[in-house]
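Asker: Go ahead and model the full structure; you've got the sequences and the hints to work with.
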Amino acid sequence: MSAFAAIFSREFRLRRVLLIGALAIGLMSLAIPRLQGQTGAIAAETANAAALLIGFLTCSIYALILGSGAIARDLADGRLGFDFVRPISGLTLWAGRIGAALTLLSASALLVVGPALLTDPKGGGGPVWAPAAGWLPVLNMTGAFVVGLLSCWVLFFLTHLATVLFASRSALLGLDLAGLLAVGLLAGSALERLHRNWAMDAFGVGAASFFAFLLLALTGASLVQVLFGRTDLVRSHRALSMALWVPLLLGAFALDAASRWVVSPGLSDLVRTESVSKAPAGTWFGVGGDLRGRGALAGQFLVDAATGRVVRQGVSISNLTIKTDFSNDGKSVAWLALTPRGTEVRWVDLSAPEPRVETAPISFEGVAEEPSLSPTGRWLALRSDRRMLIFELRTGRLVASVPVTADWDALRTRWIAEDRLRFWSAEGNVSLGGEPRISIAETHVPQGPGSGAPASVGTIELTARGYAWYVNLDGGTVIVRELKTGRRRLFDGRTGAELGVIDAPQQQSGAILLADGSVAVLVQGPKSRGLAIYDRTGVLRRSFDLRSAKGLLFGAQPTPTTILVSVAAEATPLVRTARRLILLDLATGGIREVGRGWIAAFEALDSGVTVVRTGPATFARWDPATEMLKPIVPR
Amino acid sequence: MSAPRTPAPPLTAAGLTVRYGRRIALDDVSFGVEEGSVYALLGLNGAGKSSLVRCLLGLRRPESGTAKLFGRDVWSHRAEVLQEVGVVPEEPDAPPTLSVREIARFSARIHSKFDRAGFDQRLRRFGVPADVPFGRLSKGQKGQVALALALAPAPRMLILDDPTLGLDAKARRSVFEELIGELAERGTTVFLTTHELAAVEGIADRVGILRDGRLLIDEDLESLRGRFRRLRFTRPNDGEATLDRALADLAPVTIERRAWGVEAIVSAFSEERWAPLAGRADLGSPEVEAVRLEDLFLALVEPPAPTGASVEPRGAA
Amino acid sequence: MLRIDPSDPRPIWRQIEDGVRHLVARGALPPGESVPSVRDLARDLQVNPATVSKAYQRLTDDRVLVVHRGEGTFVADRPPALPETERDRLLGEAALRYASRATTLGAPRPVAIGAVGEALDELAAGRSESPGGDE
Chain D
1 MSAFAAIFSR
11 EFRLRRVLLI
21 GALAIGLMSL
31 AIPRLQGQTG
41 AIAAETANAA
51 ALLIGFLTCS
61 IYALILGSGA
71 IARDLADGRL
81 GFDFVRPISG
91 LTLWAGRIGA
101 ALTLLSASAL
111 LVVGPALLTD
121 PKGGGGPVWA
131 PAAGWLPVLN
141 MTGAFVVGLL
151 SCWVLFFLTH
161 LATVLFASRS
171 ALLGLDLAGL
181 LAVGLLAGSA
191 LERLHRNWAM
201 DAFGVGAASF
211 FAFLLLALTG
221 ASLVQVLFGR
231 TDLVRSHRAL
241 SMALWVPLLL
251 GAFALDAASR
261 WVVSPGLSDL
271 VRTESVSKAP
281 AGTWFGVGGD
291 LRGRGALAGQ
301 FLVDAATGRV
311 VRQGVSISNL
321 TIKTDFSNDG
331 KSVAWLALTP
341 RGTEVRWVDL
351 SAPEPRVETA
361 PISFEGVAEE
371 PSLSPTGRWL
381 ALRSDRRMLI
391 FELRTGRLVA
401 SVPVTADWDA
411 LRTRWIAEDR
421 LRFWSAEGNV
431 SLGGEPRISI
441 AETHVPQGPG
451 SGAPASVGTI
461 ELTARGYAWY
471 VNLDGGTVIV
481 RELKTGRRRL
491 FDGRTGAELG
501 VIDAPQQQSG
511 AILLADGSVA
521 VLVQGPKSRG
531 LAIYDRTGVL
541 RRSFDLRSAK
551 GLLFGAQPTP
561 TTILVSVAAE
571 ATPLVRTARR
581 LILLDLATGG
591 IREVGRGWIA
601 AFEALDSGVT
611 VVRTGPATFA
621 RWDPATEMLK
631 PIVPR
Chain G
636 MSAPRTPAPP
646 LTAAGLTVRY
656 GRRIALDDVS
666 FGVEEGSVYA
676 LLGLNGAGKS
686 SLVRCLLGLR
696 RPESGTAKLF
706 GRDVWSHRAE
716 VLQEVGVVPE
726 EPDAPPTLSV
736 REIARFSARI
746 HSKFDRAGFD
756 QRLRRFGVPA
766 DVPFGRLSKG
776 QKGQVALALA
786 LAPAPRMLIL
796 DDPTLGLDAK
806 ARRSVFEELI
816 GELAERGTTV
826 FLTTHELAAV
836 EGIADRVGIL
846 RDGRLLIDED
856 LESLRGRFRR
866 LRFTRPNDGE
876 ATLDRALADL
886 APVTIERRAW
896 GVEAIVSAFS
906 EERWAPLAGR
916 ADLGSPEVEA
926 VRLEDLFLAL
936 VEPPAPTGAS
946 VEPRGAA
Chain B
953 MLRIDPSDPR
963 PIWRQIEDGV
973 RHLVARGALP
983 PGESVPSVRD
993 LARDLQVNPA
1003 TVSKAYQRLT
1013 DDRVLVVHRG
1023 EGTFVADRPP
1033 ALPETERDRL
1043 LGEAALRYAS
1053 RATTLGAPRP
1063 VAIGAVGEAL
1073 DELAAGRSES
1083 PGGDE
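Residue numbers (this note's numbering), protein chains in the order written: chain D, 1 to 635; chain G, 636 to 952; chain B, 953 to 1087.
All clues given are correct.
Listed below are several chain D residues computed to face chain G (Cβ distance under 7 Å; list not exhaustive):
{"#": "1", "residue": "S2"}
{"#": "2", "residue": "A6"}
{"#": "3", "residue": "R10"}
{"#": "4", "residue": "R79"}
{"#": "5", "residue": "G81"}
{"#": "6", "residue": "V85"}
{"#": "7", "residue": "R86"}
{"#": "8", "residue": "P87"}
{"#": "9", "residue": "I88"}
{"#": "10", "residue": "S89"}
{"#": "11", "residue": "R230"}
{"#": "12", "residue": "T231"}
These are calculated hints, taken from the structure and not from any lab test.
Here the structure is a predicted model, which is why all the values come from computation and not from measurement.
Virtual Cβ for every residue (Gly too), placed ideally from N, Cα, C.
Answerer: Laid out in structure tokens, this is it:
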């Protein structure tokens, strides 16, 4: 113990002039706001910022001085022998010298920042630093100081490392540079991977962990160097390099593996489903939700309900669902992926034997939304700025650019055929000016030269301002609900001609357009609960009385003659509350309970496969033939 | 009942081999130093002395073999072992801005016992000022300070690596006087390497000669002086072959022509073997003289070993 | 007074021992005179104190020197009184050494014997000249 104290105090006293310098600099930084005439809180903030900045600069310079002076210079000049021919163990020697240097470094930092900290009205708690907004945590004065100081510790050890490496003039330096490159590339690419996938929490954890690991590795390597290299410069270099690069490479590999793990979740990593989307045909569906152990990162997947095959769409910031669009034939799917470089269009050929995520060679300026695939998936329509852009998906060729005058909220589009796109734009609705009407227009794809705005094909004339409206999947029917009266009116999607009116009781709470154009209306009154089915002209076809049902929700139409709905145990159930599945037979009027689960999504129209969520992240398929739920087992 | 253990010898080197890449600096070197004796290791520059000293001080791990001080391996127990060993390195160095006084204070904290008064007395004897920064002392003064520091903890053994290198005659003498005083008072074991062969001649009990990494000689000085002789033959003889044959029994190391005749250094001299040659008229009246350590050393390390000649004593002297 | 000759093949302790004997025999070191301590003589001659110690031990054993505890080492008051047999034995040993030396030098017998006589004369002369005279 006395040997350690002897070395520590000798080394400390040799360089104590650094402390005096630090104190002087610290007092200077207090003077800066005074010089600028600031007072009060502003002065304190300026002093804080100045102290931190100057403190970091001073500390960095001190780190360079001490980093080379603590051990490396004496080793290079052959003066380390003085300590080594004495009964001082290698560990004591290292601890005494490094300890004195780091103490000087930290004390100097405190002396520079201290005066500002002491006079800070918030006592070190005030926010000071919000680097690269969102990616690293916002730091207060104390936090910024600690991070800055630890960075200087790293700089200290890096200087020691560099001094030894270059002074030894050994060919090993080549390996060191290779190691540095490898570690840098691995760690850098790992962090970049997390960054471009918006894995912010993981990025923060990864960066902080690697930084801490770097500091530990540097510290340990310098100790190994003293224990095994002793006074021999070349052997010290060798020991230092071995003890540094091996752990750092392992750490970088671990970081790389962890980053890959974060951005490559499997379906089983879903902890809770937030969204489900279904293909209008075929057996594929999309699932998205929060992931296990990855912070605020959500994953989205495409699942084949028939085979259980899973294709990962990607990861994104939680709460930001990736809007996914299936083509009507269920063979293609496309979505927009937000990367730090911009928005990319990704798609999958679901009919391929091994479906893979492709990036479409589509580029555009600015923001794009609402991807919409043509019925066979050949064309992709995107809303961008005040235009509807239509691209050939596989080649990225722009085939049409349709100017759109209406606000996007007031616009609906549907692919009528492989070469035709139909637009409905609402006017005179709530805050929109003009007479209440819905204009119907069409455009051909690809557009010839000289074509511009879509050509008008019809109009839906309305009487009341304030309405909610919806278009079914094939664009053949438009349903408009007058907000004041609750009356529902059905119109032909192309011509705008009125087809019928549903004047349902006031207790109705929702209407859904079915595949064939008929309308299912949920009735949720105090006494009566059930489903009423009206045909396209507004005539009641059948009604189902689900008197005991609470929390009735429409689910899906698995076959033309069956409808699945779900009910809960309470009137106003939470999202998580368990639900019972009820099968309604349109032909016979039969009502039967068939299982438990949540019918995925509340889309107005369901086709293709009926997917039932049986747990937070487990799914089953409704098999109409056997009228049973078949669990989907991911492969 | 176990026999009482003999105390471990102060220094044991066994099979020490040191390599720098492909170059062999020490080749299977083994020797020992007994308690209370003075061992002088001699060798030209590049013979491997520095590598050997580094192994003995635990600064370098030999590729194979062990170096032990007081029975403990130096590489793995360096700090422990050096408690009892005082070291004066070849280039004594200390933090250049510290004064001698501060260095002494530091050393006193390191060692369990440190004779501060004795140290100060020595400094006065050497005439070294206590408050001058170490970096500003002359080379001789630095060496004297290093010696005083090494002696102050009253070590059981001293290891000195070329302690007189670069010292003037006065400083050299003072160093040896201190050593002798130390030997007289406390019977310290001493291991030293040196080029100053004349000065060491009186002090060393045992001598080792290192050549190209091999220990050529590891022998008591008395025994060496007993079997080496310088022979001078004034009458030039007709053929060196005659002399070669004549001296074969005496294991000649060098045979050199001079202006006045032939001079030979032999390594297996004894009165019995010499007697028949002493009276031979055809060799002239030969003179016999002891070989000074310096000449012995040079004879062994400089020329390539003459064919047929060996440096080992042939049979019992 | 005493000098070590590196060209002399005799061991150093022997040279010291013989040297002291010579000085005592010549009268340069009269009986009762103090001799330098082991340490002082070692420093003076720049030799290992153990070597001086060995020489002194032999001289003390032969009662040429005596040690007075606490005071130092001195030349014995009178030449050692040895039994004749012991004296003759030691003398014989010394004579054999001398004879070998003479033979290997190739000296004829009368010359060798003559040299002994001359040496004895020289010692006697020295002793009568002055007690503790210098070299």
